[in-house]
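Q: Sequence:
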Amino acid sequence: MKDLSQDLPPGLAKLVRTILRLQTIYICFGCIAMALTFFLVVVFRYGFNADLFAYEEWLLIICFWLYFIAAALGTWEGAHVNADLLDFVIIDPAKRRTRAIVITAIELGVTLVLFYWSSVMMIDELGDYPRYQTTIALQIPFFVPRAAIFVGFGLMGFYSALRLFVFLKLPAERFAVQADNDTA
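When you line the sequence shown up against my numbering, it's residues 25 to 208, in that order.
Treat each hint with caution, since some may be false.
As the list claims (entries may be wrong) - Taking lysine-lysine pairs in the PhoX-like style, the calculated list, with each CA pair at most 20 Å apart, reads: (1) K38 <-> K26; (2) K119 <-> K193; (3) K193 <-> K38; (4) K26 <-> K193.
Calculated from the structure, these hints are not laboratory results.
From just these sequences and the hints, can you work out the full model?
A: Here's what the structure looks like:
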């Protein structure tokens, strides 16, 4: 199954595609920013015998957001790394559909628990105003990278719920094993 957004109501499908596009843009720019930062660290350190001031602090934010935004994107696409051999063993479309529904329901349950805990963490972080914990050099409040956890688990829960909705709606035939036409 490639694009599940085609099986959503039109307004919701448009919202999901927009969010996915924004996530993809952030992932591209985040990767470029990380690579550029490491390049500049090497240039400054070995070219000018200097240090790039507090780069760890802004990289912390970029990395947190990149990790959780990409994890949410992986949740939507069902592209997380797994060692599930049942996908290769089960051929019957009805059983494959049931398996997908059960796995997605468990994933949704776990994600909602993690989203709850991240909500508690954010409430605790924001409750410390005006004495936020901050990074040492740039004084960036810790809630900025931690908000990535909250947003990431929120998106993962949203996408898992949508995947479950779509899987419950789809007929079993859509879960049939696709024949590989590229054998030559």
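Q: It remains to establish, for every hint, whether it holds in the given structure.
A: Evaluated hints:
| no. | hint | result |
| --- | --- | --- |
| 1 | K38 <-> K26 | holds (16 Å) |
| 2 | K119 <-> K193 | holds (15 Å) |
| 3 | K193 <-> K38 | holds (19 Å) |
| 4 | K26 <-> K193 | holds (16 Å) |
Hint check: no violations occur; every hint is consistent with the structure.
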